[in-house]
Amino acid sequence: MVRVVLPAHLRTLAHVNGEVTLELAVPPTLRSVLDELEARYPMLRGTIRDHDTLQRRAFLRFFACAEDLSHEPPDTLLPPEVAAGTEPFLIIGAIAGG
Amino acid sequence: MSKVRVLVGTRKGAFILSADGKRENWQVSGPHFAGWEIYHLKGSPVDPNRIYCSQSSGWFGQIIQRSDDGGKTWFQPGTPPGETKTPDGMPKGESNKFKYDDSKETGAPLTTHQWYDGTQHPWEFKRVWHLEPSHTDPNLVYAGVEDAAIFRSTDGGQNWRELSGLRGHGTGPKWQPGAGGMCLHTIILDKINPNRIYIAISAAGAFRSDDAGKTWKPINQGLVSQFIPDPNAEVGHCVHHVAMHPSKPDTLFMQKHWDVMRSDNAGDRWHEVSGNLPTDFGFVIDVHAHEPETIYVAPIKSDSEHFVPDGKLRIYRSKSGGNEWEALTKGLPQSDCYVNILRDAMAVDSLDSCGVYFGTSGGQVYASSNAGDSWAPIVRDLPAVLSVEVQTLP
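Read top to bottom, the protein sequences are chains H and S. Read in order, the letters of the first sequence are residues 1 to 98 in this note's numbering. Read in order, the letters of the second sequence are residues 1001 to 1394 in this note's numbering.
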């Protein structure tokens, strides 16, 4: 079970409060977690990754276990703590702009 | 008694202002989509409960929202109300997806356009600037986007396909962004000739299609811009807004980056009608609902000072289709006012005594229930207003 923390605006779009939990049939990577998240919450498609290229949107970052994973390849395995559900996967919006 | 519903897009959410036909006592609903830039909301002329909304942010991109109950509740088309999880086969959030069509079968090559520094720059989708629902089908709606292109949905906003004949017109590499981006901000659908569509792009100019959007021609002859030495340039003019009265679809009015212009032959040729305006820079232009020769503009001091001149908020009206203008000031601040009014932030209702509405960068929305003779603020303290539309309800 993977826990995902979304920025406030995306929680509103997805109609969720607090963390999202995902059950993955495959090892959790950046790609597989985001695939499952978007499959569960299709209204989030395009808001975290570009629709087509699946590149991370420029003003979002991915963190886990105090590490910035934003520039890691999409098939990077997430830390074991994230896979075990003891630590969340964080999607964070830049603190920028108005 | 009839009612009006004013749809206001702002930098931090959407607001819906409602009143009866007297237009004196207003109910304010919102903010909807708090914290998001709402570039535009517009209702379907066929089904006034159907409203489309462009919700966007630099962080999370573009969302299309739809209401089927006059703005009380909203959902992303393709994500039915109340359903947040995906059983197999559920729509996939495609209503957020605006992909330029560069397919061999129906598309146009994804070329480049000019950038601010004159170099060529790839086409990149940023946001929907304008939504234009069809006059005949509540599920048919057009979207003007940045970087400039026109998209169409035939399923109520669930899926969007580019009408690539515009971007693939051939002059694309000469198009360049204005200060606000290379945006397709105006879409006008001709009620009398349903195959005719007018659009305008900052800063490429105006275009017309006579075949429902398959092919397009630039309609910029007669426009003069200081930064374009060639008087016969096909494209490159920074058109801010175009307005048309539905009963006279060959007559167009344009507020350009300097100059108010008019065409009486569907845009094939334009001539200036700025006349006695204190300044002919501005963004909005609109037409009285019942008087096709009565038009409204909001003069802005200059292209480097985007606020009203002399500290006075004045709307100007011409009852002769341009050239002779009168200042409308009753009820509007005449000192210490330095607001701007953006290109989609004026609208008219179709009640017998035509109502005129506009929103400002200072967060005010003003209304006149007598065609501009006098004004009163509906609200004063919204976030900066990006767009105003009005629905006249039975």
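Warning: the hint list may mix true and false statements.
What the hints assert, rightly or not - Which residues of chain S face chain H? A few of them, derived with a C-beta cut under 8 Å, are:
(1) Trp1036
(2) Gly1058
(3) Gly1061
(4) Gly1070
(5) Asn1096
(6) Lys1097
(7) Lys1099
Derived by calculation from the structure, the hints in this document are not laboratory data. Remember, predicted model here, so these are calculated numbers, not experimental data. Yeah, the Cβ is synthetic: ideal placement off N, Cα and C, and Gly gets one too.
key: Supplied contact hint for Trp1036(S), tested at 8 Å Cβ to chain H   = Because about 7 Å separates Trp1036(S) from the closest Cβ in chain H, which is inside the 8 Å limit, the hint holds.
Restraint outcome when Lys1099(S) is required to lie within 8 Å of chain H by C-beta distance = holds, 6 Å
ask   = Holds or violated: is there a CB of chain H closer than 8 Å to the CB of Gly1061(S)?
value = Gly1061(S) check passes; min Cβ-Cβ to chain H is 5 Å, inside 8 Å.
request  = Verify the interface restraint on Lys1097(S): the C-beta must sit less than 8 Å from at least one C-beta of chain H.
outcome  = Since chain H brings a Cβ to about 5 Å from Lys1097(S), closer than 8 Å, the hint holds.
Satisfaction of the Gly1058(S) interface hint, Cβ to chain H closer than 8 Å = holds, 6 Å
inquiry  = Using the nearest Cβ pair, does Asn1096(S) come within less than 8 Å of chain H?
reply    = OK, holds: Asn1096(S) within 8 Å of chain H, min 4 Å.
ask   = Does Gly1070(S) meet its interface restraint, that is, does its C-beta lie within less than 8 Å of any C-beta in chain H?
value = violated, 21 Å
In this structure, the one hint that does not hold is number 4.
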